[in-house]
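As you go down the protein sequences, you meet chains W and V in turn. Taking my numbering, the leading residue of the first sequence gets 1, the next gets one more, and so forth. Taking my numbering, the leading residue of the second sequence gets 426, the next gets one more, and so forth.
A portion of the hints provided could be inaccurate.
Beta-carbon label-pair distances, calculated as ranges [claimed, not checked]:
no.	chain 1	residue 1	chain 2	residue 2	range
1	W	D20	V	Q713	56 to 64 Å
2	V	G683	W	D16	52 to 60 Å
3	W	D16	V	G518	47 to 55 Å
4	W	M1	V	T649	18 to 26 Å
5	V	G518	W	G77	50 to 58 Å
6	V	P712	W	D16	18 to 26 Å
7	V	G518	W	R422	36 to 44 Å
Reference listing, derived: stretches of chain V covered by chain W, where coverage requires no fewer than 3 residues with Cβ under 8 Å from a Cβ of chain W [unchecked claim]:
no.	stretch
8	529-540
9	557-564
In case anyone wonders, no lab produced these hints; they're calculated from the structure. C-beta: ideal position from N, C-alpha, C; glycine also.
Residue strings, one per chain:
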Amino acid sequence: MAEFTAAVYQNEFLPDGGTDVNAIVTVTCNNAGVAGQTGGGDAGEIIIVDTSGSMGDETMAAAKQAAQAALAEIVDGTWFSVIGGSDRAYLAYPRVTSGPGMVQMTPQTRNEASGAINDFRSAGGTAIGTWLDLAGVLFNSVPQVRQKHALLLTDGENREAPGALDEAIRRATGVFQCDCRGAGTDWQVDEVRRIAQALLGTVDIIPKPSEMQAQFQEIMRKAMSRGVSDAQLRVWTPQGAQVLYVRQVSPTVEDLTDRRVAVNDLTGAYPTGAWSDESRDYHVAVRLAAKAVGQEQLAARVQIALGDDIAAQGLVKATWSNNAELTTRIDEQVAHYTGQTELATAIQEGLAAKAAGDEATATTKLGRAVQLAAATGNDEATSKLRKVVDVDNEKEGTVRLKRAVDKADEMALDTASTKTTRIKK
Amino acid sequence: MTETPPPTAGVPCPKCGAETAPDDAFCEACGTPLGATPAPTPGTAGTAPVPAPAADEKAPFDDLGSGPISAVTAGVGTPAAPSAGRRPCLNCGGEVGPDLYCQTCGTKAPSERDHFREQPASWVAGVCDRGITHARNEDAMALMADEQPGSRAVLVVLDGVSNSVDSDVASLAGARAALGVLRTPLPQGMGTPESRLAAVTKVMTDATTAAQEAIVATTAAESTNPASATYTAAVLEGDRVVYANVGDSRIYWLPDTGDGVQLSVDDSAAQMQIAAGVPRKEAETGPQAHAITKWLGRDSQDFSPRVGERTLTDPGWLLVCSDGLWNYASEPAQLAEQIAAAGTQDPAELALRLVEFANGRGGQDNITAAVARVGAPATGQNADGAAAVPEAAPSTTAPTTTPTTTAPGAGPSEGESDG
């Protein structure tokens, strides 16, 4: 049985008249078990492979091999299917036209699915929205599947009518989770990141076909280790208080603020998807009505809920004080993740400005990113940034844009922008 | 007669070994919290179970432990506890969660030591509260009353000195010890007012001594900053109130109509200034306003109380309070104003309103307000003593006050400064 714990890091002391409370809540899950085997319903996996005409021979061969390697990681008994995607989605396996669109994994079905993958031929365009819609239909065709996860590979830009992809993302949101990977450099980070963020998954670039198999294996292994099919983060705030934001800040920055679903007047639920044995950090900011110096009150109850059961709870407090020594201190964790969140924004805005030809803004933003990455000890961001800019002064954040940048390095910086590091203890 | 402890003795106090009654939440002798689940009193066993107030909650901030310290109340008009015996939120009336914060407004529920209420009878009640800015509640209160309204009540309030160690433990032990002495009716003396007053003074002094001994008993031998407290007790028997005080906690008589009076006289620097002619307001807000010149505790030089008595001819409220309340309403008229504003005849409600008033003004100190209703409610007809009232009715201002000072070395009585 999975066990959750919650730990709160904050400075609870507010100055006279202070209203805003910030806290980092670390939620840790242990004994998660294996996907689909913890009594919370069955698990389902769908592998979606881009089969559009742009997939070159080498990429296609690598994609087939990677998809087959992913099949090998899916635990027997798990429901699965394989989708081939071009300007429309087709169900490559199981080959059915009605009834359940998924089958349970056995040595035999794994073999048959491998054969179906071998038959992939690249042709046609890219309509990712239709792929997501088919995956949703397939998941819903097997009612006992509770934990729904897809792995999506694309190599190109979406060619659907404007808005079609966003509509499809909206339909898929809350239905299944999706980890997304882009092969090569002809796909749009922004577009694929929108899918991954909405569907509580990850996004990354696979620059070389040779790296594809390892990535697919890792994604699927991780999916299989998520024995907790679905958990909600719940945030209770007192009457009259305002939730300024709720963000996941580790392992990646994901703003959950707008994904609130009201549980009751004072409590909102935010989706967190499936959990393995892992730890995630959330930044919760609440605005309260100021109380008199000396008063103490609860600013938020941050809970992790499995269905309607509260598995763990952390208390975020507020105490008004006129001791400046207490009230001016900023919690280390809060400061660290505030910096990391700004880092993600600076990288994304800097790269967007660069793409738009606004070199001045790009230089300022990426300079700030270099500064923040160094200050918060995010070595991965630092090394990725150094492939895009020449650093004059790390501390000051003065940089020059590199003249010749490998497109893959720039995309890797972009996809990794939301990855955060934990505070160094 | 006063209520007597049930014949069956409880377990001895784990700290000092003194005998305890089964329903005692605290040791009468040393103030140590007793078992968190008080045995039911014989009368109520097996019948409608009264939920023990927050009995097994671990009270954060409370080094006194977790037991309920409120005495069993008469239950008059007490609203049903919404959950598990936890009192509704003091701020908004919402339900308090298992994490001891309000489920609606998030206000922290105080521990039982930080906020407790007593209502020994329908006509007597008190609230003892931490206030807002102090970290803990060092005020203490102990009340008893016979069931018949206007018959007999004892109200004891101590205010632990906040810069001494463990004065929260000491003040409560002292209050309970004094109440123990005052449980039996006061002596009548040889028949003359003088002999009666002498006999009464002896009892009031004994009660003070009991409080003093209890405080000293709870003070760690090695303490370099021994616990100390003020002391105030009022014994109401019919239309007569006898009172005693050491320090600056006060007793007020606040009749429904006419002027109220402060019966007690502070042992404080402010009072000395007032005696020397400094205006009250100036003296009570000056830098030395809260320096007391007498107190109870191991380092006390003189803890003999100032004792006085008065006959109460009109209906009204007897109020015993700590400076946490009177800091915001020192003049009897100001307190009368707050009583009028509370607009209630229920003593429990009134005590709560007075504490809320002080908290609303900043709650800069611990607040205790204990009240006893004298005479019929203002809205009803005169009941007890109505026959004696007619000729005395026009003169509501203290015709029968007998200010006395019997403490050796306390100097001549300066009379009732507010009379």
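Okay, which hints does this one fail, numbers in order? 1, 2, 3, 4
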